[in-house]
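Protein chains in written order, with the numbering used here: chain R, 3 to 350; chain C, 3 to 350; chain G, 3 to 350; chain U, 3 to 350.
Note that these hints are calculated values from the structure, not bench results. A portion of the hints provided could be inaccurate.
The list cannot tell twin chains apart, which means a pair is met if one copy fits it or any two copies do.
[Said to hold, decoys possible] Distance condition first, Cα-Cα at most 27 Å in a straight line; then the derived BS3-like pairs of lysine-lysine:
| id | residue 1 | residue 2 |
| --- | --- | --- |
| 1 | K261 | K120 |
| 2 | K277 | K78 |
| 3 | K71 | K306 |
| 4 | K260 | K78 |
4 protein chains.
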Amino acid sequence: MVVVMEERATEAQIEKVVANLVEAGMDVHRSTGVNRTVLGVVGAHKVDAALIEVMDGVHEVLRITEPYKLASRTFKPEGTVIQIDDVRIGGDEVIVMAGPCSAENEEQVFTTAAACKKAGAKILRGGAFKPRSSPYSFQGLGEEGLRMLREAADQQNMKLVSEVMDSSQIDLVGRYSDIYQVGARNMQNFTLLRELGRTRKPVLLKRGIAATIEEWLLSAEYILAGGNTDVILCERGIRTFESYTRNTLDISAIPVIKKLSHLPIITDPSHATGKRDKVAPMARASVAAGADGIIVEVHCNPDKALSDGAQSMFPAQFDRVMAELRIIAPAIGRSICVEPVVKRGWGR
Amino acid sequence: MVVVMEERATEAQIEKVVANLVEAGMDVHRSTGVNRTVLGVVGAHKVDAALIEVMDGVHEVLRITEPYKLASRTFKPEGTVIQIDDVRIGGDEVIVMAGPCSAENEEQVFTTAAACKKAGAKILRGGAFKPRSSPYSFQGLGEEGLRMLREAADQQNMKLVSEVMDSSQIDLVGRYSDIYQVGARNMQNFTLLRELGRTRKPVLLKRGIAATIEEWLLSAEYILAGGNTDVILCERGIRTFESYTRNTLDISAIPVIKKLSHLPIITDPSHATGKRDKVAPMARASVAAGADGIIVEVHCNPDKALSDGAQSMFPAQFDRVMAELRIIAPAIGRSICVEPVVKRGWGR
Amino acid sequence: MVVVMEERATEAQIEKVVANLVEAGMDVHRSTGVNRTVLGVVGAHKVDAALIEVMDGVHEVLRITEPYKLASRTFKPEGTVIQIDDVRIGGDEVIVMAGPCSAENEEQVFTTAAACKKAGAKILRGGAFKPRSSPYSFQGLGEEGLRMLREAADQQNMKLVSEVMDSSQIDLVGRYSDIYQVGARNMQNFTLLRELGRTRKPVLLKRGIAATIEEWLLSAEYILAGGNTDVILCERGIRTFESYTRNTLDISAIPVIKKLSHLPIITDPSHATGKRDKVAPMARASVAAGADGIIVEVHCNPDKALSDGAQSMFPAQFDRVMAELRIIAPAIGRSICVEPVVKRGWGR
Amino acid sequence: MVVVMEERATEAQIEKVVANLVEAGMDVHRSTGVNRTVLGVVGAHKVDAALIEVMDGVHEVLRITEPYKLASRTFKPEGTVIQIDDVRIGGDEVIVMAGPCSAENEEQVFTTAAACKKAGAKILRGGAFKPRSSPYSFQGLGEEGLRMLREAADQQNMKLVSEVMDSSQIDLVGRYSDIYQVGARNMQNFTLLRELGRTRKPVLLKRGIAATIEEWLLSAEYILAGGNTDVILCERGIRTFESYTRNTLDISAIPVIKKLSHLPIITDPSHATGKRDKVAPMARASVAAGADGIIVEVHCNPDKALSDGAQSMFPAQFDRVMAELRIIAPAIGRSICVEPVVKRGWGR
């Protein structure tokens, strides 16, 4: 780290700072300019920068290393590709995850999954445990929902991603789901992250609505530090002053993450915007900006959905956006699932 | 709720919205103006407003009831006073909670607790489980820390508040602490909130750094709905674009909460500012604005603290701010702990 | 507007509110529900809603009309197309504006303009008066810069857009430029807006970094109300807590504006991100989301630029992004300037 | 400045950066650590840090000097006291500025001014030119309003502060007003700031709703650089995600400014909160946190105000808050205007 002294710092103040740093085992390079003294400090990880910053005569302390390691591109220059059987996340193909907000009943789950698969989605999304702001809202079907989602995914030869809200649910969700989803509100639930680091299934880690990119990568670091190398980052909108959309999808996080980290990044335009007619433009923008995938809500009958109906697309809307994405992906050298050939005997 | 139709809405669109609402069991009062039609809807809680809002011809849907009930002042016009033996939170006295960020060792805990008590604090604060952004930071002493904190609180005849990070820690923390603290990152950990609603100890609920006041009260509602009526709200700074201070302490939340809710509200100027020399001004501002208390970090030797040293006050700084608060509190008809009678006769 | 009374509002309080509204010339429809009384008010534009909101017994006042009229799509359902000779902004073609941040010297202006034109830009951008946060930074060449930019635009058969910082500069800038640019910091410089409303040249109105979409449209309204119907909205990033990029380009503003207003909308990915390597992804995302155009900074030698060099693209980078945009635009039924036929035979 | 190279930076990349810096006339101190190379650069003001930051191999560039000089406390360690006859802003006394949002008519101006003076305000506030978001709102009385305000101020032996919206209004406003007010929307109207730097009357500079403290001080620098040394900073609320209050008054800006700058700082709780009943708590909080003054809206009949009525206090409310402030100010060693002795013949 670099310690910048105040212009009026006295020699005694400077020496006290140097002494504190040396005592903590640092090497200090002192450089005195016309106006002020700057201290270059090697081995900074053992010292609390904030503590130095409040010492008398210190102007500010500048950190020169990121606090995350395993998540950084410096640590692993080539991008991580996460493979689940034949589905590869982070490779040339843009991966689409789609499905209902929450499992409600068999017909809804099966019909929606079939529509998603037909349009080109490779991973089924759907919740069984729902984090809701109000204690009076629908909270999900629990294990019964997970069972339906698994069965639908198997029927359609899709993978399944589903949310885990608490460390006590890890075993249960893991029995049904291929990917653990960590919601935005849990991005800094460190107990949960640490436990997920001990599993060996991929984790889709949503960005908290007020999390900086650095905090997000630090939360990924909790999982990676436990030995689980398969983390998918998911940008889902940050909270800003603008209230017309629910949140502001931070599309620029895509190229930023691509530079700072080797982990794949996808976006969730459904939760970011909260409105069905804004999902398609933001899905297109995400792919154009270089996202490795998107996760969207589709519902066979959104008007009757028990949760998030307003942001769920009709199957026909989803078909259309998939067709648009197939035009856009090649602009950046990516492909997207070609419409699966559905062989059903003669005539089709 | 009130449904505002677009100016260009057709009669068919209006009728479809009315039909949907009636089908859901609502009473609809239609009112047609020069430019547009407005629908007054009674019984709105059974309908998802967002779903109506995406219907064709709808301009917007306006909610006319708060989504929280038990936390609202409408439900309980007089303010809640939480009593723990002789300590009353929410009454005429402004309550001060003080202590180290985390328990580090016996000497640190005991010395700091004695200094806090001497200056007028009635409740000892201190963490044994620490939520840290980085997996590589000090994570707390666990039960051993709780034991030390309890012993120090008893020695000084103080109450104890300590953080619980996960529903699995509730029993353990409850054995030592008088008040459960829920950190900002856990404000929407609904599993934890629901479990705390089943306990019968007061809960200090910090506001998430990006939580609206409504979301904060909804999180309180989770606890209240479980039957635990003793929730203390704690404003600890919100995330804004300004980066000079760690967060921006939203002092205006104090009068807003006083209007919307009956629950006591305190502030945490230490975490909000992150810098020791900003704690005193913000503590004074909080009391002047009508806070029911403050929670601050004090450390017998902040320069050597294992966490949050930069924002921890020296005991002498704490003495001074307590003296200032004793002048300010009467301006709004409140008292603050009178300086404990220090016997200077025999025996001391 | 709709006035929602508190649940505990007394009859006297309700009657006083009604009386105030009637006195102001409103029609009031009173509707009494189980829990509370709601007043539907017709003719709301003559009453200050905030004044009603602070009356005793009032819970809140909900506005049901947008405060802007001429800028709204209700007022003009079909989109506005702004035509400058053969250049049409808001039509099927996505329009690209490119050029240096500021005019520095003839060689820089002419070389850069030629490169922009060759890649497909139809409008040259460039500043002669620069709003700079610091009084010590380069402030632009003034009229001499305008002269160079005009000459370069004419040479290349391009239109010119250039910033006007103050109402006193309108005449001067108007003598050289085809489009007036109003910077983000001036979005609420109402004197300037009003004066521009009296001109008959198109105005490119940048969104303020903390302006809501509603405030932005109200600023457009100032210009439209003066009789100038040609306003181009330009999203250039909003200020959020995330500091990795300079600002956060709010891509979702594109579909939102398309719904609320008939005015064309473009984006400025150079100022939003502040970093050259983030411009291309955000330009692609903008076009994919439905923007009517983009405005980007290109410099023949960005490393030596007097301002904004770090966010200026090299000509070769600009060529590449134009090629990518030509693939993306058709995905949403738009075209983009086809690479101009470069005649290599006689006569050129 | 300090240039931090990437861990994987090549020797060639490092040398190119060094060469660029040396070419620009800098002294470069190279320091090679285990993981990365760091360059200390002296004379940084002549180089654009952003340009270095986008060079290959550069991780980030850290600035070690503030970009403002004349506004910094380093430049002038003792605080600035601005004196207008016997009124001293920035001294021991907390100065209160009060009055109507805008001048409406003689009776309103005179009655309100008398009430403000009686309660202890020393400076009358009031606008004649009003910046309004909507072109359809009341825009002020112009010179006629200034004349009334001046007459009222003289009657009551008060000083006058009034807003100037555009450089063309400087002469006119200066003929009537003792202090120029620059509104939040004009904080970066650099033409206006530069012109005010040439006047010799104090300028009250409001913070823009999305301005960082550094940008605010840079705007003050524009005025100071012109030779006008009398700038009063005014915090009036920043824009955040919380929408319950109009803006969030950043009370912590008070101690921050006190550390960074020698200029006096006051707050405007009326505009920050937008609601009358929130003004008193925030006024108290401001004084408790160390503000040099407050500026508040008072109206003899707020229910009939042409602008900002909802946030204007009744005279009786203003009396009460003044009484509260008189208790609070001594807590931090300040005084506040004692209630003026009203001589009414013998015996009093």
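For this session: Classify it for me, K261 with K120: is the Cα-Cα distance of at most 27 Å met within a copy, between copies, both or neither?
Result: neither (34 Å within a copy, 30 Å between copies)
For this session: Can you give me the call for K260 and K78, within, between, both or neither, at a CA distance of at most 27 Å?
Result: This pair counts as within: shortest intra-copy Cα distance 12 Å, inter-copy 42 Å.
Exercise. How would you label the pair K71, K306 (within, between, both, or neither) given a Cα cut-off of 27 Å?
Worked result: between (46 Å within a copy, 26 Å between copies)
Problem set entry | Within, between, both or neither, where K277 and K78 count as close if Cα-Cα is 27 Å or less | between (37 Å within a copy, 23 Å between copies)
In this structure, only the earlier hint numbered 1 is contradicted, and the remaining ones agree with it.
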